[in-house]
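Participant: First to last, the sequence lines map onto chains A and B. The opening residue of the first sequence carries number 2 in my numbering; numbering runs sequentially from there. The opening residue of the second sequence carries number 203 in my numbering; numbering runs sequentially from there.
Worth flagging that the hints you see were computed from the coordinates, not collected in a lab. Mixed in with the good hints there might be a few duds.
Unchecked claim - If you anchor each label on the Cβ, the simulated ranges turn out as follows:
hint: 1; chain 1: B; residue 1: E507; chain 2: A; residue 2: G321; range: 22 to 32 Å
hint: 2; chain 1: A; residue 1: P249; chain 2: B; residue 2: W416; range: 47 to 57 Å
hint: 3; chain 1: B; residue 1: D387; chain 2: A; residue 2: T257; range: 25 to 35 Å
hint: 4; chain 1: B; residue 1: R398; chain 2: A; residue 2: N11; range: 17 to 27 Å
hint: 5; chain 1: A; residue 1: E211; chain 2: B; residue 2: E507; range: 18 to 28 Å
hint: 6; chain 1: A; residue 1: P445; chain 2: B; residue 2: D387; range: 55 to 65 Å
hint: 7; chain 1: A; residue 1: P395; chain 2: B; residue 2: E596; range: 18 to 28 Å
hint: 8; chain 1: B; residue 1: W416; chain 2: A; residue 2: T257; range: 14 to 24 Å
hint: 9; chain 1: A; residue 1: V45; chain 2: B; residue 2: Q524; range: 47 to 57 Å
hint: 10; chain 1: A; residue 1: A50; chain 2: B; residue 2: W416; range: 33 to 43 Å
hint: 11; chain 1: B; residue 1: L256; chain 2: A; residue 2: D317; range: 21 to 31 Å
hint: 12; chain 1: B; residue 1: D536; chain 2: A; residue 2: D99; range: 28 to 38 Å
hint: 13; chain 1: B; residue 1: D354; chain 2: A; residue 2: H104; range: 50 to 60 Å
hint: 14; chain 1: B; residue 1: L414; chain 2: A; residue 2: A450; range: 46 to 56 Å
Remember, it's a predicted structure, so these values are computed and weren't measured experimentally. All residues carry an ideal CB built from backbone N, CA and C; glycine is no exception.
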Amino acid sequence: MKILVYSAMNAETILQNFGEPEYSYFFVLREFMPVLQQLGEVEVIEDPARDVDHRYHAAAARGEQCIFLSFSPPHLTTLGLDCPTIPVFAWEFSSMPDEAWWHDRPEMDWRWCLEQCAGAIVHSRQSAMAVRKLMGEEFPVIDIPAPLQDRLAEARRWLSQTSHTAEASIEIARGTLFDTHDPELARWLPTEEDIIRAVAEARSVIPIDENKGFRRGPKTARRITLEHLVAWYQQVLASRLPERLRRPLDRWAVRTDPWQLGRRQLKLDGVVFTSLFNPHDGRKNWVDMITAFCVEFRDQPDATLVLKLGHRRHEDALQGFLMLLPRLPAFRCRLVILNGFLDDEAYLQLLRATHFAVNTSYGEGQCLPLMEYLSCGKPAVAPCHSALADYISPDIAFTVDSWADATAWPHDPRVAYRTLRQQIDWASLRRAYRAAFECYRERPETYRAMARAAEQRMQRHCSQATAAERLAHFLNPVIEKTPA
Amino acid sequence: MIIIVNSKVTDTSIQTSLGKSEYSYYFLFKQFMPALEQIARVIPVASPDEVDPLFHQLSSSGESVIFLSISPPQQTPLHLRCPTVCLFAWEFPDAPDRMWDNDARHDWRYVLTRITGAIACSHESAQSIRNLMGPDYPVVAIPAPVWAHFGDLLPAGGWQPHSGPRSFEFSGNIIDSSVLGLSADGLVQHLPRPPRHSVTCPVTAQPGPWRLSWNLFRSWIAALRRDRHPRVAPKPSGEQPPPSQAGLQPQEKSRLELSGVVFCSILNPMDGRKNWIDIITAFCWAFRDTPDATLILKMTHHDLESYRIILLTLLSRLAPFQCRVVALHGFLDDDKYRELITLTDFYINASNAEGLCLPLMEFLSAGKPALAPRHTAMLDYLDEDVARLVETSEELASWSHDPVGILGSRRHRLNWESLMQGYRDCHTLARTNPDAYQRMSVNGWQRMQQLSETSVVAAELKAFLNTLVAAEQVEAEA
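Next up, chain B with everything else stripped away, as it sits in the complex (with noise of 0.2 Å):
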């Protein structure tokens, strides 16, 4: 069999596509590529421009040929003679079922009908395509094939809690809750102070008919009049303090030097289903009087601006507190993202919905246990035995890109308290019951294993895959 496949984003535009939408496509496609080869001749390429071209002149030779288009359905090329199955992630119970901007293509019917069929990345998304298409629709679950990059990072027996310190050296920008002398009060010392006592409110006479008359006269011509000058928001009161420089300049190989328990997520902060702010004030408030709990938030955003001062803000809303929050801000190669992996003890996540979770799925296959939700695609491989769970509650929901925003779809509420409450079992199980913490250690790098081994996912791949060539030669036969 030959695969065609392509991804919007490439290695070299990646850089400046974190955090966009598509970013998440890159690491789908780069994580796909080995179960891909396993079975296939696989051969990128770059527009889907090149795909009939390619289809014609190699379905000469007699082989199968696939497309495989790494993107949302409303993305996926239509159209084509190859022919073309979408592979994407999906975090809604639902599937688009309307059209809007003028793009029929957003009703997922209107290409799933068009295209050969859907991979989908967990159980939910491929439920709810057949929900959408039928239930003999040509979809599967299938999730990326993690493990088989960080599975070596066990140790024999499992992972211990760490108890010693360590350090990791980092180029990028820093924000390190433990340098930045946070505080509250700082953030309103320049405000006008409000009256010392509650005003008596004066009584003023009710107007009669010949006041109000007058009064709506006057309105009227300033009504009239005021529509040539626009209206402006109000502006914040007081002078306003320059802003912060914290964490502004990039430092070159910095060592930062951790100790205790450390928590660690991997986010965008522009993602609003990762409740990042939730992530930190949980934190904070369980360990305020804890110093050896660290928290470490690796951002995947290309544009520190777009959060650095809502970050510090919000830092210094939660000050005092003894426990330490660093973000980090930069690019971390192959070699630096397993050390991440390797000196934190548990993974954070905490949002509303995901269609995968690349990270926590790492974190996992490499042995490092979770605090998380189990919904949407976590339902796959997350359960009390490889994480701590937190609680959450069904909640309206509308699809990520609907410009509307119609509220038609579900996600999760998350339970803060029970956030706040899994951080501090977490950092107690890692203080005082080592043995469980290594058993969940072992758990969840077996679930991973089971789940997502690169010849498992390539078993399913090609299983898929054959039967889709089959229903396609019958049709051609026919």
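So here's chain A without its partners, still in its complex pose (with noise of 0.2 Å):
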């Protein structure tokens, strides 16, 4: 069998387009991978309207069986082909696009797009519900998660090796570092002055001027040079640099100007939580991720909470964290914001530094960062609706409450109320932490057993071999009622 696939991002864009819309299906689409590869012969498409059916006009004239997976949303599915088509998607609410808001674009109703394909992947029973929903009981429509728990095995075993109690020390080759227990912080932070105008904005007590606030003022001419001789030496000169001469001048950058990407050492100790996201994406809801973060730890310097966020407009994310950390009461638990992509290295010693994976969002398709802690032995502080659904538990978890709130589409621009996610009940999160933090310090046998038994939920919930029976269950009848 001849498997076709296409996702608008590949590995050389992917790196310059962190935290696009589209970078998540790439992703996905890589760890597909190895299980496509255990069932046909697979072929990456850089054009499907231009690729697909030639090749599978080929494919049927050796008497080869042939189909393509395209890994995006319905609505940017290329349609119309010879070659039966499954997309496969992530979706994180109780509907899915039943209407067309313009004539001229049908495909904006989901139904209309999907009855020209052959079936739909999903990563959670949610999602599959709500294309049963839409297609009717009959329509071939499967939830297979990204199967990356394998590709997780060296980190695993590298876990196993090393002890926690070692501290961890992490280099980030490229990022920025903003962490509360650092005395230079207050230097960056906005000024009450900055805060008072972005209040009274926000309350529409006065209109929003772009020249006015926190990073938005006019800057003077010696800070516009400062700030470029910065960027020319993190950019140009640092890498090109002996470490002896190095390291001064990326103490002189990071002083001078923090909002550069540079060379970043990371240490942490405490009760680790971490959580990976894209800022721009307004689901994650960080804002009740810190709050009752900081709330609840006030009093708790030993505890520490690492944001590490992927995107390449990483600026404006970061400007909205800070206007939100002089707003809240005095806390002495630390807060970390690391912006930047992390090596394989940077990766691993994160992961092992923590001891808790953290969500709050509104809605998960499936949520890889969190899958990824889990199969590592993370456990979790996490809410469970929406794919979440599928694999957390109070076994491996210390649960969010949450309810369901009115919501549209995220691609609808009449943003008409049409579907549910799920709001978080912040008092509940702030007990998960405190569950967690006392966990860990006070039953170490059960944090044990609830990170032996996350490793195993995950195996069962997105390993290869979970993924290889279920897809080679659902393409059979597929590619059976196809001609070849």
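With the hints as a guide, bring both chains together as one complex.
Facilitator: Here's what the structure looks like:
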């Protein structure tokens, strides 16, 4: 069998488009690749409209079966092909689009798209149910989470060999780092005047002025020049200098302009909670994540929350985080905001230093980072809704309560109320943080049992064996129905 | 006893103050008046400047005189010779203990140590003052005596849910979803269309050191020049359609024909606590396919344009729905207000926090059951016997008038799912269980009688003010 696959991004473009809407589809494709390769001959397509049918007809002529898996939402999937097409997509809401708001764009109604497809692959039971509600019980749909568990085997081995008590030092090759335990941080926070302005703007007391406020006002020529010097150092000079010269210059660059990506070092201790997410993704609900943490652990200097962000437009996002901090009542716990792409080594170091993975989303299509951390035996603090309901439970996580809340489909420009997301119960998030902290501190046996249970759960949930079995089971009848 | 009272707003200025922060103090002033008159001679004054001359003149007769300032503590006049008591509503569990705007009075400790005592409208806010000032500080929780004004509306045996058609005559601006021809699609026809397929991202070569340096040099020059060009916010894309005219023209004595189960809420849409968006979205979601449900929102804001387009857009985003939403903008005199209460089946409150919520207390006094959360001031009078309760959960908040917006306080995040389900439960109750509805009606009426009958409130006021006066005398003699 020939399996044609497509995602809008590939390994080369992914770094430049870090955090853009299509980027997670690439990672999902990457996780599915080994399983697909077990089932047939896989070919990555660059332009579906140009390449798919060409290959399909060639395969048919050879008497070979051929199928096209488009890692894209239905409305962005190339339709009208001869080759049986199956979109593979993530979805986090209670229902799927069943209306088109523009007469000239029928694909906005996913029924119109899926009717032209041979089936659909989603990543959660909730999404599979939504497809069936949309298309009828007979429509071929299956939920298969991205099979990432096997890839982390080496990470698990590495973790089991190193001790958790070893002081972790994480080397970030290119990133930014803001740390509330860093006395220098105060220099980069908004002033009270900035905050008063922002609060008044948010309350519509004054109109928004793009030229006043935190990091919006005009800079002096001196400041502009300094920032460009730091940028030149970080982008051009640093990697060409010997270590001896680089160390003092790195310190100068960070002290002068911490917003520029550069080499950073992070040491973590205490009980570490970690969340990895795209800060421009509104579903992630980082405000609750931070406020509940900083209130619950206000007198707990040994509680740390690491936010590992990934987005190339990191400045806007970071400004939002830094605007929030001075408005919080004084807290002694530690908040670390780390932005940048972690290489394998740094990824493992952060994983090792972490005790709990955190998620406070309004909805998840599957949540790869959380699945990765659980696969490596890191229990979670997370709600049990949308795709998370398929794998989060009290034996591997401190669960956060939530309730349904009306919202719009993310690509609906009308912002029409058509579906439900899950609002987080802030008080229960605080309780979950506290329970996790106390569990790690006072009941290490329970913690270890949760860690083991998490590994086992993910082995069933997202191993290649599980995915291969489900995928073969799903694809066979789909293939049989189509003429080879 | 003689009580001098002031209120910043008067009968004549209330129309233009609707929706401003001081307007609710006018209603407090009006509501407390009859109870005050039962226990003392009440002399209203327009300005605090009149207080001390009056005090000197009156106290020479030997009668005790108290100045009751119906205002938040930070606006209470200080340094008067006349013993001053502040009467206020507050919706947070803690009282301000910081100063801002260079005004020491924002720290309520500064104010409260300089006056004789305080009357809070709820037990929670009275406790917040004790937490701030110590357990012995003279503060008491006394609700506004609203029952007397509306208790007479209850028919013998309590209200039955309405079943037949009713009509309501209203003069003012009306936004009625049933005649608007609402369409969500209409909101976006002018917008440019997004690309049809996901665009394969092109690979761009990573620039070398010379190219990077050159780019940075150009960016440096541009940044130095741009100093002179101000930043502008991006303009919305596409040609904007003209704004809707719906509701813009005030109607004279327009007749609204109502039927089915009628829910009503009275709120200022600019008051963020009130969650009016949730009130509407949960209603339209609950009754998307239920034509016999109507939500009436009486808006208490002087400026229709501050919310008209927001409301029309919101209703369009919810369309299509079978139920009906009617927003009324304009003045209701007492008779019209009583008529509105009469034709309502349930009062809705979906607030994050309340200092008192007079309309809710008024509807309950008239025997109308409520759909509302139980927190802050509502703790004093709401439970399952008089309302379908909406669940909430604690979250961070800042005091509403703190300019820095420090998130040191708490409010209550509304559980939308519970509100939506609550609407449906109320509808079912009204449709299938009139006896239970009637029991709730009588319970609400009785609850408010026990809590806010004028004589009850007058007795509480008298007891509290007498202890203050006695303490003042002891101090004066010492």
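Participant: Would you mind marking each hint as holding or not holding in the structure?
Facilitator: Cross-check of the supplied hints:
1. B:E507 / A:G321: 22 to 32 Å: 30 Å, holds
2. A:P249 / B:W416: 47 to 57 Å: 27 Å, violated
3. B:D387 / A:T257: 25 to 35 Å: For T257 of chain A against D387 of chain B, whose Cβ atoms are near 52 Å apart, the range 25 to 35 Å is violated.
4. B:R398 / A:N11: 17 to 27 Å: 20 Å, holds
5. A:E211 / B:E507: 18 to 28 Å: The hinted range 18 to 28 Å holds for E211 of chain A and E507 of chain B, with Cβ atoms some 24 Å apart.
6. A:P445 / B:D387: 55 to 65 Å: Hint holds: Cβ distance 58 Å, inside 55 to 65 Å.
7. A:P395 / B:E596: 18 to 28 Å: 22 Å, holds
8. B:W416 / A:T257: 14 to 24 Å: Holds - the Cβ-Cβ distance for W416 of chain B and T257 of chain A, about 22 Å, lies within 14 to 24 Å.
9. A:V45 / B:Q524: 47 to 57 Å: 49 Å, holds
10. A:A50 / B:W416: 33 to 43 Å: Between A50 of chain A and W416 of chain B, where Cβ atoms are some 38 Å apart, the hint holds.
11. B:L256 / A:D317: 21 to 31 Å: 59 Å Cβ-Cβ, so the 21 to 31 Å window is violated.
12. B:D536 / A:D99: 28 to 38 Å: 49 Å, violated
13. B:D354 / A:H104: 50 to 60 Å: Because 58 Å falls inside the window, the suggested range holds.
14. B:L414 / A:A450: 46 to 56 Å: 51 Å, holds
Hints 2, 3, 11, 12, counting from the list given before, are not met by this structure.
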